[in-house]
Amino acid sequence: MQPAVEFRNISKAFGPVQANADVSFTIAKGSIHGVIGENGAGKSTLMSILYGYYHADSGQLLIDGQARNIRTSQEAIDLGIGMVHQHFMLVENMTVLDNVMLGAEGGFKLAAKRKEVENKLREICTRYRLDVDPLATIHDLSVGAQQRVEILKQIYRSANILILDEPTAVLTAQETASLFEILRLFKDQGKTIILITHKLGEIMDITDQVTVMRAGRVAGAVTTAQTSKEQLANMMVGRPIEGNLPRKPFNPGAAVLDVKNLQLQDANKVQLLADINLQVRAGEIVAIAGVSGNGQSELMEILAGMRLPSSGQVELEGKNLPYAGRSNADGLPYTFRQLGIGHVPEDRLRDGVIKDYSVMQNTVFGYEHRVKNRWGLFDFEAIAKRCAHLLQAFDVRPNNPDLRIGLLSGGNQQKVVIAREVSAQPKLMLVGQPTRGVDIGTIEAIHTQLLRLRDEGVAILLVSVELEEVRALADRIVVMSGGRVTGELNIEEFDTTRIGLLMGGMHKS
Amino acid sequence: MKQMKTTELPRWATGIVLPLLNLLSALLVAALVIHLLGESPVESMKILIDSAVINPEGLGYTLFYASTFVFTGLAVSIAMKAGLFNIGAEGQMYFGGLGLTLAVLAFDATLSPWLMIPLAMLGAAVFGALWAFLPGYLQAKRGSHVVVTTIMFNFIAASLMNFIIVKYLLPEGEQNPASRVFAESAALPTLNTWFPFFGDTPLNIGFLVAIAALVIYGVVVSRSTWGYQLRATGLNQHAAHYAGVRISRMIIIAMLISGALAGLASVNSIMGSTHYLSLNFPAGAGFIGIAIALMGRQHPVGIFLSSVLFGALIQGGFDLSLEKPNIPVETFVFIQGLIILFCGAMENLYGPALLKLINATRKG
Amino acid sequence: MEGFDIANIVVSTIRNAPVLMFAALAGLFAERSGVVDIGLEGKILASAFVSAAVGYTTQNPWLGIAAGIAVSVALAMVQAFVSITQKGNQLVAGIAINIAMSGLTFVVAQYIFQQGGRTPDLGAARLSNVVLPGAAAVADVPVLGWIMNSLVGGHSPLVYLAFILLPVVHWVVYHSRFGLRLRACGENPHAADAAGVSVERTRYMAMLVAGVLCSFSGAYLSIVQSGFFLRDMSAGAGYLALTALVFGNWRPLQTVLGCLMFGFFQAVQIQIEGVDLPVVGRIPGSLIQMIPYVVTVVVLAGLMAKSVAPKAVGKPFVKSR
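Chains as they are written, first to last, in this note's numbering: chain P, 1 to 509; chain L, 1 to 364; chain F, 1 to 321.
Derived by calculation from the structure, the hints in this document are not laboratory data.
Be careful, since some hints might not be right.
Residues of chain P clear of chain L, computed beta-carbon distances all greater than 12 angstroms [what the hints assert, rightly or not]:
hint, residue
1, Q189
2, L200
3, D208
4, E230
5, A329
The list that follows gives simulated cross-link-like pairs (lysine-lysine, PhoX-like), each with its CA atoms no further than 25 angstroms apart [what the hints assert, rightly or not]:
hint, chain 1, residue 1, chain 2, residue 2
6, P, K187, P, K229
7, P, K319, P, K199
8, P, K355, P, K372
9, F, K319, F, K87
10, F, K315, P, K355
11, F, K87, F, K315
12, P, K385, P, K355
13, P, K427, P, K260
14, P, K248, P, K199
15, P, K372, P, K385
16, L, K46, L, K324
17, P, K187, P, K120
18, F, K311, P, K269
19, P, K109, P, K120
20, F, K87, L, K356
21, F, K311, L, K141
22, P, K248, P, K120
23, L, K141, F, K315
24, L, K356, F, K319
25, P, K260, P, K319
26, P, K355, F, K319
27, P, K29, P, K187
28, F, K311, F, K87
29, P, K372, P, K427
30, F, K87, P, K355
31, P, K269, L, K141
32, P, K187, P, K199
33, F, K311, P, K355
These numbers come from a predicted model, not from an experiment.
Glycine residues also receive a C-beta, built at the ideal position from the N, C-alpha and C atoms.
Chain P with its partners taken away, still in its complex shape (with noise of 0.2 angstroms):
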C-alpha cells in the first residue's frame, strides 16, 4: 500500500533562515502519524507546504503515491489533505453552518444547498460523535467545541488526510481524551493523521509512527511503540534536557502581594474572574498552571495595572493598589512600575516591546522617566553603558544595541524584555509565559535567571500553560479553571493526575 504522504528532501528558506533542510519520511496510510519538535524545528513550515500555504524551495512532495505540486489550500483540499490549525480559521460572527459552505458553496445562490449542506453535517456530527449544532454560530461556542467544528469541516470535505497543529494547546485533559476517541474513530475508518505537537504525552499516548524534527532536519522517525518519552526528548532536543535547576531552600519572607476577593465581568456580564484569592511571599515562585484561557491572562493583566477588576481589592506589600475611583486603565500600568511591580508580558510582540525600535531603545520601554534629564530629554550616554551591561549579562544574541528588535529572535527579544524588568529591581515580578516560543537553549537560561530572582528575595507570580515549566520553577501551585481558582499544591505535592483534574474544573474537596 502506497504511504499517504512521502516527503522527499524538501528544503525551505525564508531569508537567511533555513525552515526546512532536507527533510525526507513516509506516512503510512490509516496511522495516526505524530512530528514532534520544539518551536522554531520546521514542523509548521513543513505542514504549511503540504497544505499548499507555502513552496518548497526544492524537493518532491508525494500523495498516495504520486509526485504532487501543491500551489493552493484549494489544491491541498482538493487532494483530501484537511489542516485543523492552531489558531482557528473561524468567522466568529458567522455559524458553523456558514464556515463550512465557505469556499465550498456548491454554486452561485446559498439557498440551494444550505439545506443539503446542514444534514450532511449532522450525520457527521452523529457518526463521529463531535456535538455541533450546525446553526450555532461561533461566538456562541467554547474553545473545544470551536475546535470540533473545525474537524467538522475537514471531514465534510471528504479529507482523508487530517493534519492537526499542536490541538491541544487550548484544551483540558477531558477535551483533549474526548478529541483522541474521534481521532481513533478516524483511524479505524481508514484515514490517514498527522499530529504535530511538543508533548511528549500525547505523543505516546496516540501515535502509530513518530518524526522527531530538530533545527529544519529530521533527527530520528520511530515507531511510537518501540520507543520512549526520554529518547524522544533527547533526539528532539540533541541533548539531555534540564534536570532540576539549582535553587536556595525555600524560605519565603513576608507576604508581597495579597489578592483578596478579585471578580472581573467583562462589557457582556460574563463572569472571567470569580473569587480569586491568594498570595505571594517575598522569595517565593508562585505559579498559576492551567490551560489558557481560563482567566490567568485576565488576572495577569490587572495585577500588572493593564486592566481594572470589577471588585476585590490587591494590596502590595499591605498597602491597596490604586484601581478605585478610576474608569479605565489609561496610564495605570506606569503608577505600578513606580510601586515595585515588573511585568513579562505573555505576549512580547503585542505588548512588550516596539518592534520597530532599536535593543537599546526597548531596554528603557515603560522605564523612560528614570533615564532622562531636567529637559526631559534621554540621557544617552547613560542608557548605552547601562544597554550593554545587560546584553552581556544576559548573553543576547546578536549583541548589537542598535539593531531593531523585530529582527532578534523570540528567545532573544525575550531576554530582553526581561533584563529590563529585573533591572529594574521590582519587589513583585509577573511573568507570563516566559519560555513561549523560545528555543531550549534559552529556556534553560530564562528559568535560571528567574530561580536566580526568588533566591535575591523577590516575589514572583508566574503563568505558564506547560506544566514542565511549572514543575520546574514553582514553589507553590495554584491552578485555575473557568476562572476561579480550583486548587493549591505546594511543589512536593506535584501531581500530573491532579493537577490535570483540577485545570479541567474539578475542585479539590
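Given the structure of chain P, go ahead and fit chains L and F onto it with the hints provided.
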C-alpha cells in the same frame, strides 16, 4: 570580502533612494498628463525652475510659501507619529487665522510689534488647537475615526468662517469678504531688509520661525521621553499601554499640538502677506501639509525639503499657468495627489527591485 | 409648522438620497471585504465630470453614464492595486485619489471646454423622468395624484435604480456565494484563505463593484441634479456616505436609512433658509450648510448608534505562518 545577502533594505535606501524614486514616479505621471494637455513637460519644467529658483524674487516667494507649508507639514507629521491621520490641517489653519485676527483687531492699535506678533501667534496656535480638540477627543474616548471627523471639521470651518467673516468682521460698505486691514504693528518684518537679494517679496521672519519649529520638532520627537512615548503610541498602542503611556491623553495632546502648528501656519500667510483675514485664505495649504508629511517621512530635514519643493511648485506653477493657460494652477493639486499616492501609499513599490539590485552588486 | 412644505420635503428626500446611496453601497462592498474606501469622493468627482463631458459631447446621457462607470472602475482598480497588491496604507490611497481627482477634473474640463473648469449645460441630453402608467390620468386626484406623479412616479431612472439596488445588494451580500466570501474576507481573511478562497481576488471584485456603484453617484450629480459638472461638486458626499455606512452598521438597509436621513436634512435645510424660526429667527445660509457635517460628527461620536466595523477592515492581508 563577500558580504551576506541582505533581507532588509539599509537605512539610506529607505530614507533617501525610495522617496526619491517615488517622487520621480509622481513627476513622471505628471509629465505625461502635461504632454497630453498639449504642452512640453521639459519646457514646463524649465519655466517652473526659472520662476521658482533661478529668479531671486521667485526664490523669495518659494521660500515664503515654504514657510507656511513647514507648519502644516509639521502639523500632519506630529499627528502621524502618534498614529493619527490629521486631514484637518486646512480647517485648523483657517480657524487659527481667526484667533490671530481677533488678537490683532483688538490690540494692533495699542501694542508694539514685539508684543503684537507673539500675541497674534498665540491666538493662532490656541484657535488651531481648539479646532483639533474635538476630533482628538472623539478618537481617544469614543473611537471615532479621526480621518472622517477632521474632514468634517474642514467643511464646518468653511461654513462657520464664512458666516463669521461676513457677519462680524467685514467692515461697513466693503464687498470683498474679509476683515479690515491690520495695522503696521501686526506685519511680520520682511527679510529683504537684511537680504536685498530677494527683492520685493513677502519672505519674512516667519521663515526663521519655521526653521526653529523644525529644530524643536526634531529634538522633541527623537530625543525626548515624551517623543519616545508619542512614537510608541503610533507604532503599537497595546505596548504603549503596557509601558504606562496614558493613551487617551497622548492622542488628545498630539492632536492639540498638531492643530496648534496648523494654526501657526496662518501667521506667515496672513501677517506676512495679505495683512487681513480673507475667505478661504488657506487655499489648500493644509492638504499640501499631508503630501509634505508623507514625502518627507515626518523627518525635519525631509519636511523642510518637501516644503521648499512645494513652495517651488506653487510659485513656479503660478507663473506657468500665466504662460500656459492649459496648465492651470489646479494641475498642481493633481500633482499633490500623485505625490501623496506614490510617497504615502506605495512607498515600497521599488523596494523589492532595489533589494535585488543591492544583493546582486554585493555578490560580485 | 408654518412655512414647511412637508410633501416637498418628502419628495426632495427621495431625490437627495441617491447620491449618497450609490456611494454608501459602494463603500459597503469595499469595506465588507476588508478594504477601507476613503476614495469615494474622488471617484464621484471623476465620474461626475466624465459623465457630463461624454454626455454633452455625444448628447447621450446613457453613454455618459457608461463612460463614468469606466473611469470610476479604473480609479477603483488603482486603489485596489495599492491597497491589496502593494499592501499600502488604504487611507492615504483614498485621500490621494480625492485630491488628485479634485485637481485633474478641473484641469481636463478647462482644457476641453474652456469654461472655467466646468462642462457646458447638458440641456436636453439629460435622462427624462419616468412616468408611471396612468399617472397623467389621476394627476388631479388629491393624494393619489401626488403619489403617482411625485412620490412614486416622476423620478429620474437613476432614482429607481438606487432604490432597487437595496434588495439586490442585500441578497448578494447575505444570500450569494460572493457575499459569503466577501464577508469572510472582511471578518477573518485567514479563515477565508484556509478555506481555499482567494482573498486578493475577492477584494479586487469588491472594489470593482464599488467602482461601478460609485460612478452612478457622480452621474446622478452631474446629469440628473444639475445638468453640468462644476469643480468639487461632490462637496463631501463621499464622506457623508461613509458616515451613513457607520450609522447603518455596514448593513444595506440601515445604511440606506442613513442616506435617507442625510437626504432629509438636506431637504429641510433648503426650506429653513427663508423661514423665521421661533427664538433664533432666520438662520443664515452659511450656517445651514454646516448641518450635514455636524450631523456626521454626531453620528461618528457614537451618540446615535453603537456600530461595529468588519473586523479585518483596513488591514492588508498577509499570509501568516
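Tested hints:
Annotated as non-interface, Q189 (chain P) keeps its C-beta farther than 12 angstroms from every C-beta of chain L; the closest such distance is 44 angstroms. Listed as a non-interface residue, L200 (chain P) keeps its Cβ farther than 12 angstroms from every Cβ of chain L; the least gap is roughly 34 angstroms. The Cβ of D208 (chain P) lies farther than 12 angstroms from every Cβ of chain L, with a closest approach of about 40 angstroms, so its non-interface assignment holds. Every CB of chain L lies more than 12 angstroms from the CB of E230 (chain P), the least distance being 39 angstroms, so the non-interface label holds.
Look at A329 (chain P): its CB is around 8 angstroms from the nearest CB on chain L, not clear of 12 angstroms, so calling it non-interface is violated. The hinted pair formed by K187 (chain P) and K229 (chain P) meets the criterion: a straight-line CA distance of about 23 angstroms does not exceed 25 angstroms. Restraint check for K319 (chain P) and K199 (chain P): the C-alpha separation of about 42 angstroms exceeds 25 angstroms, so the hint is violated. Pair hint K355 (chain P) plus K372 (chain P) holds up; C-alpha atoms about 22 angstroms apart against a cutoff of 25 angstroms.
For the given pair, K319 (chain F) sits about 12 angstroms from K87 (chain F) by alpha-carbon distance, which is consistent with the 25 angstroms threshold. For the given pair, K315 (chain F) sits about 18 angstroms from K355 (chain P) by alpha-carbon distance, which is consistent with the 25 angstroms threshold. Among the hinted pairs, K87 (chain F) with K315 (chain F) is consistent with the structure: their alpha-carbon atoms are about 8 angstroms apart, no more than 25 angstroms. Annotation: proposed proximity of K385 (chain P) to K355 (chain P) holds, straight-line Cα distance about 22 angstroms (limit 25 angstroms).
Restraint check for K427 (chain P) and K260 (chain P): satisfied, since their Cα atoms lie roughly 19 angstroms apart, inside the 25 angstroms limit. Distance restraint check for K248 (chain P) and K199 (chain P): the Cα-Cα separation of roughly 29 angstroms exceeds the 25 angstroms cut-off, and the hinted pair is therefore not satisfied. In summary, the hint linking K372 (chain P) to K385 (chain P) is supported, as the alpha carbons are separated by about 14 angstroms, within the 25 angstroms threshold. Using a Cα cut-off of 25 angstroms, the hinted pair K46 (chain L) and K324 (chain L) holds, with the two alpha carbons roughly 13 angstroms apart.
Note on K187 (chain P) and K120 (chain P): the hinted pairing holds, with a Cα-Cα distance of about 20 angstroms set against a maximum of 25 angstroms. Taken as a hint, the K311 (chain F) and K269 (chain P) pair is honoured in the structure, with Cα atoms around 22 angstroms apart against an allowance of 25 angstroms. Distance restraint check for K109 (chain P) and K120 (chain P): the Cα-Cα separation of roughly 18 angstroms lies within the 25 angstroms cut-off, and the hinted pair is therefore satisfied. Our distance criterion of 25 angstroms between C-alpha atoms is met by K87 (chain F) and K356 (chain L), whose separation comes to about 20 angstroms.
Taking the CA atoms of K311 (chain F) and K141 (chain L), the gap is near 20 angstroms; set against the 25 angstroms cutoff, the hint holds. Between K248 (chain P) and K120 (chain P), the direct Cα distance comes to roughly 61 angstroms. Violation of the 25 angstroms bound is thereby established for this hinted pair. The suggested pairing of K141 (chain L) with K315 (chain F) holds, with an alpha-carbon distance near 22 angstroms, which does not exceed 25 angstroms. With a CA separation close to 22 angstroms, the supplied pair K356 (chain L) and K319 (chain F) stays within the 25 angstroms bound.
A hinted pair counts as satisfied when its Cα atoms are at most 25 angstroms apart, and K260 (chain P) with K319 (chain P) qualifies at roughly 12 angstroms. For the hint linking K355 (chain P) to K319 (chain F), the alpha-carbon distance of about 19 angstroms falls within 25 angstroms, and the restraint holds. About 9 angstroms separates the Cα atoms of K29 (chain P) and K187 (chain P), which keeps this hinted pair within 25 angstroms; it holds. Restraint check: the Cα-Cα separation between K311 (chain F) and K87 (chain F) comes to about 17 angstroms, which is no more than 25 angstroms; the hinted pair holds.
Annotation: proposed proximity of K372 (chain P) to K427 (chain P) holds, straight-line Cα distance about 23 angstroms (limit 25 angstroms). Restraint check: the Cα-Cα separation between K87 (chain F) and K355 (chain P) comes to about 19 angstroms, which is no more than 25 angstroms; the hinted pair holds. Of the supplied pair hints, the one linking K269 (chain P) and K141 (chain L) holds, its CA atoms being roughly 22 angstroms apart against a limit of 25 angstroms. Between the alpha carbons of K187 (chain P) and K199 (chain P) the distance comes to roughly 20 angstroms, so the proposed pair stays at or under 25 angstroms and holds.
For the hint pairing K311 (chain F) with K355 (chain P), the CA-to-CA distance comes to about 23 angstroms; that is within 25 angstroms, so the pair holds.
Hint violations for this structure: numbers 5, 7, 14, 22, all remaining hints satisfied.
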